[in-house]
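**Q** So you can see what is in the structure, the chains are spelled out below.
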Amino acid sequence: MRVFSLNLIILLAAILPVHAADVFLEPNVFLAEVFEGDVPSPSFLWLKGDVKETAKEILGRNMGGLRQRYWQADGRTVWIVEEIGKTRPITTGISVKDGAVERVQILIYRESHGWEVRYPFFTDQFQGMTLDAERETSSRVDGISGATLSVRAIVKLVRLSLAFDQLARDGS
Amino acid sequence: MVRGPTLRRWHRRLGIVVSIFLLVLAVTGILLNHEPALNLNKVEVRSGWLMSLYGMEGVASEVDGFDLEGSWLVSHNGSLYLGSKAIGSAADKLVGAVRATEMIVVSDERQIFLYTFAGDLIERYTPTDLTPPFVGLGMIAGAPVLRTDEGLFMADADMVDWGRFPADVKTYVTWSKAQRLPEAQRNLLDHELRGGGLPLYRILLDVHSGRIFSDFGRYVMDGAAVLLIVLSITGLWIWWPKR
Chain A
1 MRVFSLNLII LLAAILPVHA ADVFLEPNVF LAEVFEGDVP SPSFLWLKGD VKETAKEILG
61 RNMGGLRQRY WQADGRTVWI VEEIGKTRPI TTGISVKDGA VERVQILIYR ESHGWEVRYP
121 FFTDQFQGMT LDAERETSSR VDGISGATLS VRAIVKLVRL SLAFDQLARD GS
Chain B
1 MVRGPTLRRW HRRLGIVVSI FLLVLAVTGI LLNHEPALNL NKVEVRSGWL MSLYGMEGVA
61 SEVDGFDLEG SWLVSHNGSL YLGSKAIGSA ADKLVGAVRA TEMIVVSDER QIFLYTFAGD
121 LIERYTPTDL TPPFVGLGMI AGAPVLRTDE GLFMADADMV DWGRFPADVK TYVTWSKAQR
181 LPEAQRNLLD HELRGGGLPL YRILLDVHSG RIFSDFGRYV MDGAAVLLIV LSITGLWIWW
241 PKR
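From first to last, the protein sequence lines stand for chains A and B.
For the first sequence, our numbering begins at 1 and goes up steadily by one.
For the second sequence, our numbering begins at 1 and goes up steadily by one.
Please keep in mind that the hints were generated in silico from the structure rather than gathered at the bench.
Note that CB positions come from ideal geometry on N, CA and C, so glycine has one too.
Among the hints, erroneous ones may be present.
[Said to hold, decoys possible] The calculated DSSO-like cross-link candidates involving lysine-lysine, where the alpha carbons are at most 27 Å apart (straight line), are: (1) Lys93(B) with Lys48(A); (2) Lys97(A) with Lys56(A); (3) Lys85(B) with Lys86(A); (4) Lys93(B) with Lys86(A).
[Claimed, not checked] Which stretches of chain B does chain A cover? Using the computed rule of at least three CB atoms under 8 Å from a CB of chain A, they are: (5) 88 to 96; (6) 119 to 125; (7) 128 to 135.
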């Protein structure tokens, strides 16, 4: 009976859609963790000229807004960015240190499928990645079957953050 | 073989049923045949139920929005509209919208949206100095005030940081509240969402083929066509001289 109940729970967990908005980590907690409690005031990257073109090239669409806020200290920039997986935005925190990915954290997930991208087995593979000349990630990213669109969205956000980091450090 | 009174009786019954469809086919057929002269492609129909059949949904008869001193901000099916202009999307439930000194500030339960007065997005962000959910957005002396479970917070002029605001002044804050959208505004938004209307040619074509009621309508027209074939055969059979 106990085995049956456990199986039922596992089955339900597998087939039931995830709640409309799952907060895996509050953005302010993510920032506090990355900066070890000493969060700097936000800076802004203005979305115009090269910055806007770069964002469009990576996202495949015009990025809305006139400015993107980020946090910068100790050779590190941190970006809280969003991209739609299938229908709803995935809020992701990305920390870049000395031009390489330091940490990727899924903060808020709103899609019904593909939430496996939240797990470290997926997000940890970005650590140390940089951007190559074609603005692609320096290493191949292993996907997750059944979460293709979410994986694609997160890869875009990592590329975007790395590109923005370069532009921010270049003083755009 | 069935012949005589029984066949005639069934022939008459089928004739009555088929005549309705035949009438529809004939009238729509003639009109479609003369489409260029009648200019049916230029005639637009804006009937609510008809547009709903085509998935062109507008807004409900009663919809709420936020009054921004002259223009209205509405959240409809996850999209945000300023007047009738689509200006973005909100992932969570809207808390409020206010017209600050230099921009429009909108808040859902987790995020802040900043817009120019023309409805261009300045920034959409999660205020990391506040703990969601946000439960109220208001104004005091031209500055936006956000209410969370932890108290009141006021933004600086550039909307960069939110600082704690004394709770005892909350009676002076004018809180943004959703109100029923005025009829004229609702109609404007409805018109925008539904576009210019449906060409009459398209409607007649879909009535003619039955597609106006999707697959069900198509099969009904197929059934009517089969009945017409049966009717033709039984008619010929009855008419054919008996030996």
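**Q** Out of the numbered hints, which ones does the structure contradict?
**A** 1
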